[in-house]
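Number of protein chains: 2
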Amino acid sequence: MFELKEYTNFIESHLDEIDTPLEPRDLYDPIRYFLNIGGKRIRPILTLLGAELFGMKKEDVIPQALSVEVFHNFTLIHDDIMDEAPLRRNQPTVHEKWNTNVAVLSGDVMLIKAYQLLCKAPPEKLPEVLELFNNTAVEVCEGQQLDMDFESRNDVTISEYIEMIRLKTSVLLGAALNLGAIVAGASKEDKKHLYAFGQNIGIAFQIQDDILDLYADPEKFGKQVGGDVISNKKTVLQLTAIANSNKEQREILKQLHDEKNLEVKIQKTRELFDQVKAKADCQEMMQEYYSRAKNSIEKISVPEEMKQNLLQLGSYLMERDI
Amino acid sequence: MFELKEYTNFIESHLDEIDTPLEPRDLYDPIRYFLNIGGKRIRPILTLLGAELFGMKKEDVIPQALSVEVFHNFTLIHDDIMDEAPLRRNQPTVHEKWNTNVAVLSGDVMLIKAYQLLCKAPPEKLPEVLELFNNTAVEVCEGQQLDMDFESRNDVTISEYIEMIRLKTSVLLGAALNLGAIVAGASKEDKKHLYAFGQNIGIAFQIQDDILDLYADPEKFGKQVGGDVISNKKTVLQLTAIANSNKEQREILKQLHDEKNLEVKIQKTRELFDQVKAKADCQEMMQEYYSRAKNSIEKISVPEEMKQNLLQLGSYLMERDI
Chain B
795 MFELKEYTNF IESHLDEIDT PLEPRDLYDP IRYFLNIGGK RIRPILTLLG AELFGMKKED
855 VIPQALSVEV FHNFTLIHDD IMDEAPLRRN QPTVHEKWNT NVAVLSGDVM LIKAYQLLCK
915 APPEKLPEVL ELFNNTAVEV CEGQQLDMDF ESRNDVTISE YIEMIRLKTS VLLGAALNLG
975 AIVAGASKED KKHLYAFGQN IGIAFQIQDD ILDLYADPEK FGKQVGGDVI SNKKTVLQLT
1035 AIANSNKEQR EILKQLHDEK NLEVKIQKTR ELFDQVKAKA DCQEMMQEYY SRAKNSIEKI
1095 SVPEEMKQNL LQLGSYLMER DI
Chain G
795 MFELKEYTNF IESHLDEIDT PLEPRDLYDP IRYFLNIGGK RIRPILTLLG AELFGMKKED
855 VIPQALSVEV FHNFTLIHDD IMDEAPLRRN QPTVHEKWNT NVAVLSGDVM LIKAYQLLCK
915 APPEKLPEVL ELFNNTAVEV CEGQQLDMDF ESRNDVTISE YIEMIRLKTS VLLGAALNLG
975 AIVAGASKED KKHLYAFGQN IGIAFQIQDD ILDLYADPEK FGKQVGGDVI SNKKTVLQLT
1035 AIANSNKEQR EILKQLHDEK NLEVKIQKTR ELFDQVKAKA DCQEMMQEYY SRAKNSIEKI
1095 SVPEEMKQNL LQLGSYLMER DI
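Sequence order for the protein chains is B and G. Numbering-wise (the numbering used here), the first sequence opens with residue 795 and increments by one. Numbering-wise (the numbering used here), the second sequence opens with residue 795 and increments by one.
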């Protein structure tokens, strides 16, 4: 039986292998702080599972797993600057706790640290590892840029949105898995399927995230339900609702955009989304990407029992209600 | 005879090999803009010279040279955010022309692009190339952090300042040279000497920069003479003046710190610096680092005629009066 907690603990027990000198303090304190405010460490766990899938011990891909975690946290620190986010995992963001300059520069050094960790891979694997990582890192930046571009656009389509979350979120899941698989010596075909699993589970996960933002159980959710509605964020739920609406319903959505009473805004938005079956359509879309993910795993040429941890992580990610 | 202009043109004619897609525009336009606002391209030229020194053609280290240039420009874009600089080479900085978010993210993607270019090195050289580049990139960030830290400190020593400019500026010159030398297959000893040349010439260059800021010929300088004095920047000139001053002179410097009449401020500061021989001491220090640089070149085990371009670049850098 796959125990997520066990893997999370494994990653956390190795975080101190990320070399962060004491000085200069304002460069390295934020890195230590941010790497220790928690999270489930899903991405580095994917690297461990990607290696184990092909018979390698998780102990043998620790630097690559940590590299993925450091890279991910670099993107969070810089995204938080751009989004002016005050909190991350209920803790002050780096630019809030220190300042923007500190957040820019400590983020920069984290990106370099991610490369340093990555380069601990066996030399003969290095070209492939780096090509994957470089391409992924560029895509993640492109996704973040698209996300910002979408804020000022009113004609974003659902497929553009899916492409944005593919770049911003999903390619890193595929890459995290493949970094483990590359070091473990997987075949080209198998790596292709594993990457497809990561991409599709990532997209499914993000669609679910958008759904939960409005439909989660407030008692379990741990943050404001309807946050995306309040901030008029273009989510897949919102874009689906618009696509499914008639002229009259679109007018209502337009009015709700500026509704000052937030309780009313959330309540009425949910009613309209239900009318136009936005939630049901998004759930269907989510299931479609989840199915694709599972199909990709089936095609990987290792015994079924080797795939169980990965499938269980997938079902854990998809069946959460918070 | 070494023709700097010829090498600058060579680098500029290859800038279009840096892959920057058209979209997303706000991610890639700033990169194209910034890479094309000029500069002498000293750092990538060092990579070419580092390769030529050991008998390799400059055509064979173009990606590594471009990598250094892209990395350097990434640091400039992010430094300009931190310093709130409105202009760079008389053109608006990226955060001014676009905004801070654009400057953060397009800087990030440039750092990744630098790695992409670097990875075009022959696979067997990759581990060494990356180790050098990673360590250098971390040091450059540390140097920038120290520079910011110094702004709020009143007890910065000359040796701390030299260490800061070593990290912020000089290590990249050493690394740029060595990237060429590594690809060209230089020996460990020769790389050590070449790196020392880069470091020492970098420190000498920066000391000279500090001197010229106050003592350059205004007609040739192209920017405000005394800019560092006006902004109360801690330069090696300033730190040397303080170290050389008696109690009374220190009191005058303290008063000049807040002098509102800028012409008076520059004039009186220059008078006091002359009294305490700050300029002469700094010039001596500069010459000392320049001598060390030349000594390091002497120790490199290639025929004298192979060293001429590098020595001439060194003397060009040190004998400029603007």
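Misleading hints may appear alongside valid ones.
Cross-link-like lysine to any residue pairs, in silico, SDA-like; alpha carbons within 25 Å at most [claimed, not checked]:
no. : chain 1 : residue 1 : chain 2 : residue 2
1   : B       : Lys-919   : G       : Arg-819
2   : B       : Lys-1048  : B       : Asp-877
3   : B       : Lys-1027  : G       : Glu-925
Where chain G lies over chain B, by a calculated footprint (3+ residues, C-beta under 8 Å) [to be verified]:
no. : segment
4   : 809-821
5   : 898-906
6   : 938-945
The hints are simulated quantities; they were obtained by calculation from the structure and are not laboratory data. Think of the CB as a built atom: it goes at the ideal place given N, C-alpha and C, for glycine as much as any other residue.
The hints, checked one at a time:
1. B:Lys-919 x G:Arg-819: violated, 34 Å
2. B:Lys-1048 x B:Asp-877: At roughly 24 Å apart (the allowed maximum being 25 Å), Asp-877 (chain B) and Lys-1048 (chain B) satisfy the hint.
3. B:Lys-1027 x G:Glu-925: Measuring from Cα to Cα gives roughly 42 Å; hence the hint is violated.
4. 809-821: holds (count 3)
5. 898-906: Holds: 7 residues of the segment 898-906 of chain B have a Cβ under 8 Å from chain G.
6. 938-945: Our answer is that it holds, as 5 residues pass the Cβ test (under 8 Å) against chain G, meeting three.
Hints 1, 3, counting from the list given before, are not met by this structure.
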